[in-house]
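2 protein chains.
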Amino acid sequence: MTAQAAQDIKAIMQDLGTQAKAASLVLSIAPTEQKNNALLKAADLLRKNAPLIKDANAKDMAAGEQKGLSGSMLDRLMLDDARIEAMAKGLEDIAKLDDPVGDIISEWDRPNGLEIQRVRVPLGVIGIIYESRPNVTADAGALSLKSGNVAILRGGSESFYSSHAIMDCLTTALEEVGLPKTCIQMIPTTDRAAVGEMLTMSDTIDVIVPRGGKGLIERITRESKIPLFKHLDGICHIYVDEKADLEKARKVVVNGKMRRTGICGATETLLVHENVDMSPIINDLIDAGCEIRGDAAAQKVDARIQPASEEDWGTEYLDAIISVKVVSGVNEAVNHINTYGSHHTDCIITEDMNVAESFLNQVDSAICVLNASTQFADGGEFGMGAEIGISTGKMHARGPVGVEQLTSFKYKVRGDGHCRP
Amino acid sequence: MTAQAAQDIKAIMQDLGTQAKAASLVLSIAPTEQKNNALLKAADLLRKNAPLIKDANAKDMAAGEQKGLSGSMLDRLMLDDARIEAMAKGLEDIAKLDDPVGDIISEWDRPNGLEIQRVRVPLGVIGIIYESRPNVTADAGALSLKSGNVAILRGGSESFYSSHAIMDCLTTALEEVGLPKTCIQMIPTTDRAAVGEMLTMSDTIDVIVPRGGKGLIERITRESKIPLFKHLDGICHIYVDEKADLEKARKVVVNGKMRRTGICGATETLLVHENVDMSPIINDLIDAGCEIRGDAAAQKVDARIQPASEEDWGTEYLDAIISVKVVSGVNEAVNHINTYGSHHTDCIITEDMNVAESFLNQVDSAICVLNASTQFADGGEFGMGAEIGISTGKMHARGPVGVEQLTSFKYKVRGDGHCRP
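If you read the protein sequences in the order shown, they are chains A and B. Position 371 of the first sequence, counting from 1, maps to 371 under the numbering used here, and the rest follow consecutively. Position 225 of the second sequence, counting from 1, maps to 225 under the numbering used here, and the rest follow consecutively.
These are calculated hints, taken from the structure and not from any lab test. Hints may contain errors.
A pair counts as met if it fits within one copy or between any two copies, since identical chains are not told apart.
Simulated pairs of lysine-lysine, DSS-like, Cα-Cα distance not exceeding 25 angstroms [said to hold, decoys possible]:
no.	residue 1	residue 2
1	K251	K21
2	K48	K10
3	K10	K67
4	K67	K181
5	K248	K67
6	K59	K225
7	K96	K41
8	K54	K67
9	K89	K41
10	K225	K10
11	K214	K225
12	K54	K251
13	K181	K48
14	K251	K59
15	K48	K67
16	K10	K89
17	K243	K181
18	K89	K300
19	K89	K248
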């Protein structure tokens, strides 16, 4: 890139940030009805403009095929009438969610008569960096809007035309209800330098949500001067305790691992108490098509278990593979999880409620589960309506990040001429 | 510094971080009583060891005088019986606070029967970097302990001996109640490279609280790979509206500016509605010894008002100086505050509740105040008991950072063999 081109990108991004910050002051106090109307209008426009969106998508698909994108990448990129309808329905669902902005989180009076309220406010400006899934343009833009935040979107270059066609629906809807169209902005270049610039803009962007593969997240973590809501890995565990109900364990392990192997809430490691006969679980997993890698003790159970290496305990397979380790009890299980896990979602199967509490309290993960599949790690399953991602960090948001987690708060203090003694 | 010395500091810091992380797993589930007992024992030890602490402080004071520290720095460094008693009393007050850890923030059941709880947990490990105020060693260590967080303290080099004498009381108390003494650690070197290393340790430190002058905060902001709870400036405003009660305005402005001029909640800029006769307020301020710098309109009111430059609107004087600007109404006041302010604490004086709400909603600051002094910006005044600092950021903590803001949360999800369909 020439120095001139780098300057241009810096100028484009700075301008985008300034406009976003200005729009955020308007959007932060926009009435719920105005925001909901924008969402409903955008849903209508998606339906009305479906032919245009499919045309734009056809361009992306043709370029993607020429570029040699994998089948699964092309599948994520593809839009048809059903997927456009799902996006439109998603916007309507977000319109139905409670508006968190303005909620009084708590309030109290001081002995001197000062009245203090803690009131929910938007974070401000959210940057969302994602790969070539055009539907994220609608979802992330809508969740930001509902929570009163301006969104700066950076989609994958392969979905450039599709994302822009969707963006047109969003910005037209914003203008139709009288909100600045800069409330949802898309970076107008596919140059990767724009992301680098974005990550420095801590004056105008309050938080960045990176969604995508580990390489992308690692790069963003390394470079960003802005806080992130992110998870790098989902190395989720199920510990089958001595007091487990074996029938529940069999069902939950197979579901945790095999329901969908490619999601961050999929189970990657099975820990089994040394007094539990794990063969039925192993049989179920193998019957379901799962490869098993175990430690020495696990390997004794079934000849089909391959040896696990140290590296396996820290691997997110995202595939039909599971690592298995025999442990002496809940404490060893907790230690293993806190050492090798990724603080995402971890589960214990037990009927002993004391052991369960010990596990739920000691495991240092966003979501600690008793007797249920790790695949419930999802904003929708939690009843949050929709999520912009899952955070394994402890700052601000943790677990599924829904509209409420996209807010901050301020204090309103009301007095009557109070002076501090 | 030699390469060997740099290696040594890196090793020392990494070891300290590893120990802190290990201790945090113990401390995060320590019962409230055990933590409170440690605080009470530490308070006893501070009183019992007052002679030792004063001896250590005498060394620091002698070195400080030789180094030519200013009178105010020496005053902050100095410990006497009254100040040691105040520290001990501070620990006892923190012991009396409610323990936030384990609080169920919210809970709900899903239609499928899953029970979801959002439960408060400690953040983990908190790094506190502060200047030469030995009492911060006790306060910050105690607030961290109460909230279940391990503290890594880095005090100013001038208070080295005093801080270590206080640390001895804290760590002895930890051991006496059966908690790891590594729950509160002090960096054992005054080498500044240790701070640089600390700011990279995002694997073991969850948040850093920098307390001190603007230069220190700026350096830490630039270098840190770890989230910060911080405020850079406290450029606080009072807007006197057209519908202000002038008697309240006079009292509140003088208190906001002059009660203590050196704190972050002190008022730095006065905005006055063009229809308000500000002369009584100006007279009060000048009578109280305040220098006044005004825009052209303000200067017409009183010949003693000096001209304000553009720079004045963004200056935190921390002194008996105030800038004054005439505005056309609440919107111009809000715009000025959101442009030049520091998102700390800003106040409106008015009897018109519509204008008041408009101000409280639109000003993008941690603390928005109606008819009361900006100097109430303080955890103690808010009824939080004690604060580790004030945050002007919107992520996680905002405003006074008390024990509750030093916590995160986790989800506990309880099922009965639930599998995700």
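Hint by hint, here is what the structure shows:
1. K251 / K21: neither (49 angstroms within a copy, 35 angstroms between copies)
2. K48 / K10: neither (36 angstroms within a copy, 61 angstroms between copies)
3. K10 / K67: neither (28 angstroms within a copy, 46 angstroms between copies)
4. K67 / K181: neither (33 angstroms within a copy, 59 angstroms between copies)
5. K248 / K67: Classified as neither: same-chain Cα gap 46 angstroms, cross-chain 70 angstroms, threshold 25 angstroms.
6. K59 / K225: neither (35 angstroms within a copy, 41 angstroms between copies)
7. K96 / K41: within (13 angstroms within a copy, 54 angstroms between copies)
8. K54 / K67: Only inside one copy: K54 and K67 sit 19 angstroms apart there, 74 angstroms across copies, limit 25 angstroms.
9. K89 / K41: Close inside one copy (12 angstroms), not across copies (60 angstroms); limit 25 angstroms.
10. K225 / K10: Both: 16 angstroms inside a chain and 23 angstroms across chains, each within 25 angstroms.
11. K214 / K225: both (19 angstroms within a copy, 19 angstroms between copies)
12. K54 / K251: Neither: 41 angstroms inside a chain and 65 angstroms across chains, both beyond 25 angstroms.
13. K181 / K48: For K181 and K48, only the intra-copy Cα distance (19 angstroms) is at most 25 angstroms; the inter-copy one is 66 angstroms.
14. K251 / K59: Cα proximity of K251 and K59: none, with 44 angstroms in one copy and 68 angstroms across.
15. K48 / K67: neither (30 angstroms within a copy, 75 angstroms between copies)
16. K10 / K89: Neither way: K10 and K89 sit 36 angstroms apart in one copy and 54 angstroms across, limit 25 angstroms.
17. K243 / K181: neither (58 angstroms within a copy, 35 angstroms between copies)
18. K89 / K300: Result: close neither inside a copy nor across copies, 51 angstroms intra and 61 angstroms inter.
19. K89 / K248: Classified as neither; 35 angstroms inside a copy, 53 angstroms across copies.
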